[in-house]
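*Asks:* So you can see what is in the structure, the chains are spelled out below.
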Amino acid sequence: MSGGLFDIPSDLQNSYWGLVGLHLREALVPVAVGLVVALPIAQLCVRLRWLYPPVLWVTTVLYAIPSLAFFVVLIDYTGQTETTVMIPLGVYSLVVFVPAIVDGVRSVPQETLDAATAMGLGPVRRYFQVQLPIAAPAIIAGLRIATVSSISLVSVGMLIGNQGALGNLLHDGQIYNQSRLIWLSVIGTAVLAVVADALLVLVRILVTPWMPRGGRAPRPVDEPEPLTAALEDATR
Amino acid sequence: MIRIDSVTKRYPDGTVAVDNLSLDIPDRAITVFVGPSGCGKTTTLRMINRMIEPSSGTITIDGKDITKQPVNTLRRSMGYVIQNAGLFQHRTIVDNIATVPRLLGWDKARARARARELMERVGLDASLAKRYPYQLSGGQQQRVGVARALAADPPVLLMDEPFSAVDPVVRKGLQDELLRLQDELGKTIVFVTHDIDEAVKIGTMVAVMRTGGHLAQFAPPAELLSAPADGFVEDFLGADRGIRRLSFFSSAGLDLLTAPVVAVDATAEQIAARASKDVPYLLVTDVDGLPLGWAEPDRLTAGAVDTSRLLPYGRPFVHGEESLRAALDGAVLSPTGWAVAVDAGGRVTGVVSQQAVGEAIRTAHAEGRSDEKVAG
Ligand SMILES: Nc1ncnc2c1ncn2[C@@H]1O[C@H](COP(=O)(O)OP(=O)(O)OP(=O)(O)O)[C@@H](O)[C@H]1O
Ligand SMILES: [Mg+2]
Chain A
0 MSGGLFDIPS
10 DLQNSYWGLV
20 GLHLREALVP
30 VAVGLVVALP
40 IAQLCVRLRW
50 LYPPVLWVTT
60 VLYAIPSLAF
70 FVVLIDYTGQ
80 TETTVMIPLG
90 VYSLVVFVPA
100 IVDGVRSVPQ
110 ETLDAATAMG
120 LGPVRRYFQV
130 QLPIAAPAII
140 AGLRIATVSS
150 ISLVSVGMLI
160 GNQGALGNLL
170 HDGQIYNQSR
180 LIWLSVIGTA
190 VLAVVADALL
200 VLVRILVTPW
210 MPRGGRAPRP
220 VDEPEPLTAA
230 LEDATR
Chain B
0 MIRIDSVTKR
10 YPDGTVAVDN
20 LSLDIPDRAI
30 TVFVGPSGCG
40 KTTTLRMINR
50 MIEPSSGTIT
60 IDGKDITKQP
70 VNTLRRSMGY
80 VIQNAGLFQH
90 RTIVDNIATV
100 PRLLGWDKAR
110 ARARARELME
120 RVGLDASLAK
130 RYPYQLSGGQ
140 QQRVGVARAL
150 AADPPVLLMD
160 EPFSAVDPVV
170 RKGLQDELLR
180 LQDELGKTIV
190 FVTHDIDEAV
200 KIGTMVAVMR
210 TGGHLAQFAP
220 PAELLSAPAD
230 GFVEDFLGAD
240 RGIRRLSFFS
250 SAGLDLLTAP
260 VVAVDATAEQ
270 IAARASKDVP
280 YLLVTDVDGL
290 PLGWAEPDRL
300 TAGAVDTSRL
310 LPYGRPFVHG
320 EESLRAALDG
330 AVLSPTGWAV
340 AVDAGGRVTG
350 VVSQQAVGEA
360 IRTAHAEGRS
370 DEKVAG
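Chains as they are written, first to last, in numbering that gives the first Met the number 0: chain A, 0 to 235; chain B, 0 to 375.
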């Protein structure tokens with residue numbers, strides 16, 4: 000039990016790095032599923048304007064339900080498993096994703112949509128080739144929030160018996176009275192969140208070479224700066 | 000030929016945007032719809048590519064009802080250009096232009112090669128190909144919009160106020176470019192604008208519409224200016240339609256005087272020989288024949304004229320190429336009352352007085368009237 004900085008109690012049946020991997024899985028799978036579910040919901044809200052307020056209301060109410068309440072209900076069906084932790088996290092992500100995607104898709108200028116229609120792009124092509132790519136920055140902004148909050152929320156999984164990944168260290172730190180474990184949990188979670196966020200920023204830069212950069216006004220005559228050019232090439 | 004036959008568009012809220020419109024849009028010509036805001040121009044244009052469906056009436060192309068083919072096939076056979084270009088901000092310039100060829104199943108390399116060819120056509124530098132729309136000026140974006148509409152070589156081009164968001168100088172450039180392109184390509188162009196000057200300048204036929212979606216007059220621009228159908232059209236044409244109509248008369252028929260022109264290094268004898276009673280001034284040119292300004296003969300010093308003391312010569316007109324309007328403008332602008340005629344290279348070919356321009360206008364009008372009689 001003594002020894003290395005990253006040694007952790009055997010009751011967790013995992014190494015520190017194993018816990019990190021588990022933490023990431025429990026945090027990111029719900030976000031990914033949430034995104035996939037939110038896309039059609041958001042598209043429906045864009046097409047049927049009246050649907051958006053009630054949908055938004057439902058996602059907000061769901062967000063207000065404490066995860067513990069979810070666990071109490073879910074435990075009868077999915078037991079003391081990762082799934083029980085991930086379901087509420089996925090549901091929570093909707094409150095971020097639905098408005099992010101709706102706003103993103105709505106931000107596509109009417110002229111652009113008209114041009115697409117006039118060129119003979121049907122609704123499906125228009126969605127995948129025009130609306131979704133242009134909504135990408137807004138969607139990724141939502142993705143960053145959902146990811147970071149999901150990473151921090153995973154820890155509550157410790158409430159249903161060692162399903163909180165890095166969060167379990169908080170519990171162990173208390174019962175074994177070892178502040179090192181608590182620090183490992185807190186700092187580990189924070190580092191994961193920061194790194195994930197940074198990666199998403201990078202993804203955003205890579206997939207949106209078409210965005211004006213650095214808040215500067217568009218420069219019609221200058222050559223693109225080398226970094227931009229390099230990133231553009233990388234994405235092609 | 001695109002035939003619009005008794006077409007009415009009533010929006011769900013009851014607005015009648017187009018009211019029983021019938022007209023034939025000729026092939027390989029520019030037909031302009033012009034009229035005040037809200038008179039139904041955009042609605043009319045969009046019924047042609049079925050972005051809006053008429054409430055009643057039919058539209059046929061070469062006798063074929065446009066509703067009888069798949070809507071996206073119809074749209075891909077028609078280029079569409081709008082205000083602010085409506086470019087895809089997430090695609091490079093080449094990929095914007097290559098959109099329709101790609102939709103038609105061309106492979107990427109061929110579509111991009113075609114896109115680059117079109118960039119050249121519309122006067123865009125090849126170095127812009129890999130840029131994104133935000134990196135282009137408004138005028139450049141508008142050219143991309145035109146190139147994109149032309150990419151799959153559609154027989155029909157629909158243009159909805161394509162040049163109204165750019166400044167007047169760029170707009171004039173784009174208009175000239177469109178006319179030049181049309182000379183090369185011979186498309187059937189339907190062009191919407193609220194700017195009557197633009198309509199008169201680029202239209203082969205002009206349809207003036209009035210609020211409520213009524214067709215007020217459908218005629219070639221010269222006829223519109225000389226014989227407006229009613230008070231509404233006359234008002235819409237504006238106050239100086241007499242002057243504007245001169246744009247349709249060539250300056251080729253003007254008799255130029257070449258005598259009152261001297262070079263800046265003329266000798267005293269040359270100056271004396273060129274001065275005459277009919278012309279109180281001499282036009283001084285540089286040694287290459289480019290105009291410098293007017294001067295009274297006795298104020299000219301032989302060998303080296305003091306060019307800083309010359310009278311301005313206004314705006315020279317290109318003889319034979321520009322219209323009587325340009326000639327008159329040149330004569331009015333010059334304090335001497337004489338217009339300077341130049342060749343395409345800007346070298347002076349002669350001068351002409353306001354009186355002579357006026358005489359040519361009277362002659363042209365007389366001939367114009369007889370033309371209209373012939374035309375019916
Ligand atoms: N979707 C719609 N529903 C109801 N009315 C409409 C709709 N679209 C256009 N209108 C009305 O139809 C009339 C014609 O509109 P249209 O857009 O064709 O005008 P326009 O001549 O193109 O005008 P502008 O020069 O301002 O572009 C206007 O009174 C407009 O308010
Ligand atoms: Mg309009």
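Just so you know, the hints here were simulated from the structure itself, not pulled from any lab data. Being a predicted model, the structure only gives us computed values, none of them experimental. C-beta atoms are modelled at their ideal positions from N, C-alpha and C, and glycine is treated no differently. Heads up, some of the hints might be wrong.
Selected chain A positions facing chain B (Cβ under 8 Å, derived; list incomplete) [what the hints assert, rightly or not]:
1) G78
2) E81
3) G119
4) P122
5) P132
6) P211
*Asks:* Would you pick out the hints that fail for this structure and give their numbers low to high?
*Replies:* When the structure is compared with the hints, numbers 1, 2, 4 turn out to be violated.
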